[in-house]
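Chains as they are written, first to last, in my numbering: chain D, 41 to 320; chain L, 41 to 320; chain V, 41 to 320; chain E, 41 to 320.
Among the hints, erroneous ones may be present.
[What the hints assert, rightly or not] Below, in silico cross-link-like pairs of lysine-lysine (PhoX-like), each with a Cα-Cα straight-line distance of 25 angstroms or less:
{"id": "1", "chain 1": "E", "residue 1": "Lys62", "chain 2": "D", "residue 2": "Lys292"}
{"id": "2", "chain 1": "L", "residue 1": "Lys47", "chain 2": "L", "residue 2": "Lys211"}
{"id": "3", "chain 1": "D", "residue 1": "Lys132", "chain 2": "L", "residue 2": "Lys51"}
{"id": "4", "chain 1": "D", "residue 1": "Lys211", "chain 2": "D", "residue 2": "Lys227"}
{"id": "5", "chain 1": "E", "residue 1": "Lys227", "chain 2": "V", "residue 2": "Lys62"}
{"id": "6", "chain 1": "D", "residue 1": "Lys55", "chain 2": "L", "residue 2": "Lys132"}
{"id": "7", "chain 1": "L", "residue 1": "Lys47", "chain 2": "V", "residue 2": "Lys292"}
{"id": "8", "chain 1": "E", "residue 1": "Lys47", "chain 2": "D", "residue 2": "Lys227"}
{"id": "9", "chain 1": "D", "residue 1": "Lys186", "chain 2": "D", "residue 2": "Lys51"}
{"id": "10", "chain 1": "V", "residue 1": "Lys47", "chain 2": "V", "residue 2": "Lys227"}
{"id": "11", "chain 1": "D", "residue 1": "Lys227", "chain 2": "E", "residue 2": "Lys62"}
{"id": "12", "chain 1": "E", "residue 1": "Lys47", "chain 2": "E", "residue 2": "Lys211"}
{"id": "13", "chain 1": "V", "residue 1": "Lys54", "chain 2": "L", "residue 2": "Lys54"}
{"id": "14", "chain 1": "V", "residue 1": "Lys54", "chain 2": "E", "residue 2": "Lys211"}
{"id": "15", "chain 1": "D", "residue 1": "Lys147", "chain 2": "E", "residue 2": "Lys132"}
{"id": "16", "chain 1": "V", "residue 1": "Lys51", "chain 2": "E", "residue 2": "Lys292"}
{"id": "17", "chain 1": "V", "residue 1": "Lys292", "chain 2": "L", "residue 2": "Lys51"}
{"id": "18", "chain 1": "E", "residue 1": "Lys55", "chain 2": "D", "residue 2": "Lys227"}
{"id": "19", "chain 1": "E", "residue 1": "Lys292", "chain 2": "V", "residue 2": "Lys62"}
{"id": "20", "chain 1": "L", "residue 1": "Lys132", "chain 2": "V", "residue 2": "Lys227"}
Simulated from the structure, these hints should not be mistaken for lab results.
Residues per chain are reported as follows:
Protein chains: 4
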Amino acid sequence: MQIITEKLVSKTIKKRASNTHKGSFGRVLTVGGNAQFGGAIILSSSAAVYSGCGLVTTATDPTNFASLHARLPEAMVIDFNAGQELTEMLAKVDAVVIGPGLGEDAKALQTLTLVFKTIRAEQILIIDGSAIDLIASHHLALPNAKLIFTPHEMEWQRLSGIPIGQQSEAKNKVVQQELNGIVVLKKHHTEIYTDEKTFQLHLGGPEMATGGMGDTLTGMIAAFSTQFSSELVAAVVSATYVHSFIADQLGKTQYVTLPHQIIEHIPQAMAHFAASKTNA
Amino acid sequence: MQIITEKLVSKTIKKRASNTHKGSFGRVLTVGGNAQFGGAIILSSSAAVYSGCGLVTTATDPTNFASLHARLPEAMVIDFNAGQELTEMLAKVDAVVIGPGLGEDAKALQTLTLVFKTIRAEQILIIDGSAIDLIASHHLALPNAKLIFTPHEMEWQRLSGIPIGQQSEAKNKVVQQELNGIVVLKKHHTEIYTDEKTFQLHLGGPEMATGGMGDTLTGMIAAFSTQFSSELVAAVVSATYVHSFIADQLGKTQYVTLPHQIIEHIPQAMAHFAASKTNA
Amino acid sequence: MQIITEKLVSKTIKKRASNTHKGSFGRVLTVGGNAQFGGAIILSSSAAVYSGCGLVTTATDPTNFASLHARLPEAMVIDFNAGQELTEMLAKVDAVVIGPGLGEDAKALQTLTLVFKTIRAEQILIIDGSAIDLIASHHLALPNAKLIFTPHEMEWQRLSGIPIGQQSEAKNKVVQQELNGIVVLKKHHTEIYTDEKTFQLHLGGPEMATGGMGDTLTGMIAAFSTQFSSELVAAVVSATYVHSFIADQLGKTQYVTLPHQIIEHIPQAMAHFAASKTNA
Amino acid sequence: MQIITEKLVSKTIKKRASNTHKGSFGRVLTVGGNAQFGGAIILSSSAAVYSGCGLVTTATDPTNFASLHARLPEAMVIDFNAGQELTEMLAKVDAVVIGPGLGEDAKALQTLTLVFKTIRAEQILIIDGSAIDLIASHHLALPNAKLIFTPHEMEWQRLSGIPIGQQSEAKNKVVQQELNGIVVLKKHHTEIYTDEKTFQLHLGGPEMATGGMGDTLTGMIAAFSTQFSSELVAAVVSATYVHSFIADQLGKTQYVTLPHQIIEHIPQAMAHFAASKTNA
């Protein structure tokens with residue numbers, strides 16, 4: 041495996057061109073957050089906004105509209121139960137996150153199915169949390185799109201069928217090929233499986249072991265992917281690196297680092313890597 | 041075109057007289073924010089409050105009341121669907137912002153029409169976003185008021201009929217004259233068309249290319265206009281300058297600058313320019 | 041008039057005794073905030089909590105519960121339309137604020153009437169904003185309680201019948217005696233009329249001229265009154281002083297100071313005066 | 041009594057092992073917050089999250105969902121009135137907090153009864169506020185679980201039958217034995233009664249005497265208990281110590297310290313003690 045280096049990240053996070061507008065940095069749609077798990081989609085959406093995505097829309101249960109806007113006025117909202125609205129929004133975006141706080145009930149399955157049916161081949165689709173479990177439990181066929189899976193080890197076991205103790209690089213690689221997407225396997229020393237290389241992350245400490253951390257990563261991956269779209273693998277790898285890089289910085293003085301704290305530091309961290317690029 | 045200078049801004053942002061009260065600095069009404077786009081009107085209203093407007097009322101969909109107050113207890117709210125309430129409030133204010141997150145459906149059109157019908161000649165009306173598109177698509181007649189338009193290039197194309205590649209100073213100027221208002225054409229090097237000069241902004245980098253940035257500007261323009269009302273052009277020009285000035289300051293350490301971050305720095309930035317005036 | 045000095049404030053804000061609990065510092069009930077003006081009661085309640093009141097309950101329209109708790113989990117809420125609940129809560133508190141964002145409709149009048157009917161002689165009642173206007177317009181009889189009025193000049197004109205240009209110390213004093221309470225007349229150089237002396241505030245600049253500033257003062261007066269209850273006049277005078285003291289500190293670097301910013305600095309300001317007392 | 045020392049706390053707050061995930065640090069369920077007292081459960085839940093609990097779910101009145109998520113997207117929510125949902129969630133967690141803002145009406149009693157009926161012997165149950173009063177007033181039988189009571193002196197009087205003036209160590213100890221749990225008796229110099237020693241806290245000043253402070257402690261105890269579960273007494277003692285330690289730090293510059301401010305400083309305080317352990 042190739043250890044992810046700061047150099048790769050610095051090369052990926054490009055200095056923005058002067059003559060750009062919000063449309064230049066992509067549109068992201070985050071789908072999730074039922075009445076119980078609304079916080080997850082707030083974190084995912086916030087991470088996308090703070091990572092520089094130009095336009096973020098959140099499809100969620102209406103019960104989450106007020107709390108989302110109270111935290112993040114920069115995002116737009118739609119009801120994820122409204123099929124027509126969701127279908128129309130899916131047509132307009134460059135990347136979709138599906139899963140954070142989605143839940144696994146019939147409505148969640150319906151929403152996931154709609155996304156799978158509607159997504160187009162050139163769109164990026166980040167599949168996380170409940171969405172992974174729904175695929176595994178309902179044996180759903182995967183859509184034709186640029187797929188990125190972000191399972192933790194237990195979700196990977198369910199999706200891949202490989203028990204946690206036996207998740208070797210070779211076995212994981214085989215399933216990644218079958219899935220025909222990028223796999224970000226979240227664990228101590230997170231591994232990223234791609235069509236070419238496999239990457240390993242040597243950042244990220246136990247201060248990150250808290251709920252919502254994975255939801256945050258999905259939004260970062262979405263925004264990095266739409267901004268640095270010419271190299272999707274580098275974008276995913278860099279988002280994963282920056283996520284843990286920030287946590288480790290905060291972890292020097294904090295016993296636990298909360299997801300929303302990570303999010304608030306993304307703009308500074310990205311500026312750090314964008315600036316260091318010239319010397320890389 | 042005349043490049044906007046710090047000197048002009050410093051001259052405009054006057055030191056406040058001692059014997060003043062909240063009524064001295066004007067009343068602003070922001071109209072917008074349907075159920076999907078509530079964040080836009082939160083940003084516009086927040087910008088007006090942080091820019092020193094004495095009294096800000098937000099006319100929006102009731103679904104946005106809780107999130108607006110959670111972020112901004114300094115503002116008052118009314119239901120933008122309640123015609124009578126909106127009409128009464130319109131009678132009491134010095135400046136109106138219409139457009140941020142208004143949407144383009146039948147209700148939005150009805151609200152816009154009501155504002156156009158009710159506004160008086162001595163009132164300032166800032167027309168943004170959806171409101172511009174509604175004017176263009178429905179060929180609405182403009183009301184007799186102190187009009188300020190804040191289109192980005194695509195909205196300007198729809199409103200003026202001039203395709204993006206052909207938006208020259210001369211052509212834009214012709215349409216500005218027809219519109220009989222000030223036009224803030226948002227783009228790389230934003231241009232401001234007025235009855236006399238045309239101004240150009242040489243601040244503002246790509247760190248500003250994110251959703252909600254234009255909504256923020258509308259609130260700033262409204263508050264600057266009511267406070268420095270003797271020179272409306274200078275007020276609009278100064279608001280536009282300060283908006284980008286703050287972004288550029290934050291952009292030194294941030295890859296992207298979020299609208300709510302800009303807003304939080306307005307009081308300091310205005311103090312900076314008010315203080316530097318004596319030397320200008 | 042006696043100019044309010046830092047020495048008086050330092051003498052009033054006593055260092056807390058070690059063996060105290062939240063009950064030692066009083067209970068405050070804030071009443072106000074209809075569907076349109078919810079922010080006002082959020083500010084009043086927040087000011088009471090940050091000023092050290094042990095227990096704050098907010099009686100408001102239920103539409104404000106979510107935004108209040110999102111900003112201030114330390115407060116409790118009740119529906120100000122529920123007569124029985126309000127009556128029971130009135131029996132339990134040491135001080136009541138009535139007015140911020142109350143409005144002037146029939147429901148507001150009913151709530152005010154209930155408070156006037158229920159309040160007891162030993163309780164402190166701070167009467168602000170809409171409540172003052174309701175008293176004036178409906179010629180309401182005042183209850184027997186420790187009354188504190190906090191009008192700005194226009195509200196004082198309505199309450200006292202003295203036109204703004206003629207509000208001299210002598211005339212104001214006569215009405216204060218009739219009202220049988222303390223009057224905080226908010227203006228440039230705020231004046232405080234009491235049974236004995238009249239005080240004048242030489243702090244507070246035009247950076248404070250923004251909506252919500254008076255609401256904030258009501259909560260501070262309530263909390264100061266319950267904590268330093270042995271000298272009610274000194275408590276009211278000190279709250280008024282600290283309110284403007286903080287604004288002036290912030291005003292050194294801000295063009296406008298927002299009420300919620302004042303509130304966040306109360307604990308530090310009070311510590312400053314409590315510490316400087318030993319040398320006073 | 042044994043005075044709680046920094047050394048004990050440093051020994052308890054262990055440096056986290058590298059190869060851990062959110063499941064390693066326990067699951068906490070907080071139960072409380074009716075329509076009036078929602079802030080209490082927000083504070084308890086926030087304290088649990090900031091203290092490093094891996095996964096926190098809040099069972100509360102649905103009216104509190106929006107405000108809770110606006111402050112704390114890291115938590116999940118369920119309706120505490122939905123018996124089936126609450127029962128299922130109780131089965132999944134390591135520690136339960138019951139009481140903050142629960143109220144004492146019939147619904148509160150029903151919820152408390154359900155928790156008592158469902159809790160298992162190996163689970164930790166922190167009983168606070170209204171829950172203590174309900175036990176006392178309804179003579180409820182206590183469940184078989186790892187019980188922790190967090191009464192202030194008046195609640196202890198109701199629960200133990202010992203009047204406030206007579207709450208001696210010897211008498212308190214007898215009741216603690218009958219209750220078969222740990223008792224955190226909150227007062228000036230808080231005392232912690234356990235099966236073996238009795239501890240006394242020599243931190244915590246009158247700056248803490250404000251509403252919500254006890255709610256905050258419950259969340260800290262829950263999270264410390266699930267993380268440092270091998271020594272439950274040490275975990276409870278350490279949470280109590282850190283709670284007051286932070287307040288005293290903030291109290292150096294603040295007249296009153298608000299619960300949400302304590303919460304925001306927990307990660308830094310825990311890092312401080314975890315780091316100092318090696319030298320202890």
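Hints, verified against the model:
Pair hint Lys62/E plus Lys292/D holds up; C-alpha atoms about 19 angstroms apart against a cutoff of 25 angstroms. Restraint check for Lys47/L and Lys211/L: not satisfied, since their Cα atoms lie roughly 29 angstroms apart, outside the 25 angstroms limit. With a C-alpha separation of about 44 angstroms, the suggested pair Lys132/D and Lys51/L falls outside the 25 angstroms cut-off, and the hint is violated. With a CA separation close to 16 angstroms, the supplied pair Lys211/D and Lys227/D stays within the 25 angstroms bound.
At most 25 angstroms may separate the alpha-carbon atoms for a hinted pair to count; Lys227/E and Lys62/V meet this at roughly 11 angstroms. A hinted pair counts as satisfied when its Cα atoms are at most 25 angstroms apart, and Lys55/D with Lys132/L does not qualify at roughly 47 angstroms. The hinted pair formed by Lys47/L and Lys292/V meets the criterion: a straight-line CA distance of about 21 angstroms does not exceed 25 angstroms. Taking the CA atoms of Lys47/E and Lys227/D, the gap is near 33 angstroms; set against the 25 angstroms cutoff, the hint is violated.
For a cut-off of 25 angstroms, the pair hint linking Lys186/D to Lys51/D stands: about 22 angstroms separates their Cα positions. The suggested pairing of Lys47/V with Lys227/V holds, with an alpha-carbon distance near 22 angstroms, which does not exceed 25 angstroms. Restraint check for Lys227/D and Lys62/E: the C-alpha separation of about 11 angstroms stays at or below 25 angstroms, so the hint holds. Under the criterion of a C-alpha separation no larger than 25 angstroms, the hint pairing Lys47/E with Lys211/E is inconsistent with the structure, at around 29 angstroms.
Taken as a hint, the Lys54/V and Lys54/L pair is broken in the structure, with Cα atoms around 40 angstroms apart against an allowance of 25 angstroms. Among the hinted pairs, Lys54/V with Lys211/E is inconsistent with the structure: their alpha-carbon atoms are about 35 angstroms apart, more than 25 angstroms. With a CA separation close to 23 angstroms, the supplied pair Lys147/D and Lys132/E stays within the 25 angstroms bound. A hinted pair counts as satisfied when its Cα atoms are at most 25 angstroms apart, and Lys51/V with Lys292/E qualifies at roughly 19 angstroms.
For the proposed pair Lys292/V and Lys51/L, the alpha carbon gap of about 19 angstroms is at most 25 angstroms, so the pair holds. For the suggested pair Lys55/E and Lys227/D, the alpha carbons sit about 19 angstroms apart, so the restraint of at most 25 angstroms is met. Between Lys292/E and Lys62/V, the direct Cα distance comes to roughly 19 angstroms. Compliance with the 25 angstroms bound is thereby established for this hinted pair. For the proposed pair Lys132/L and Lys227/V, the alpha carbon gap of about 22 angstroms is at most 25 angstroms, so the pair holds.
Taken one by one, the earlier hints fail for this structure at numbers 2, 3, 6, 8, 12, 13, 14, listed in ascending order.
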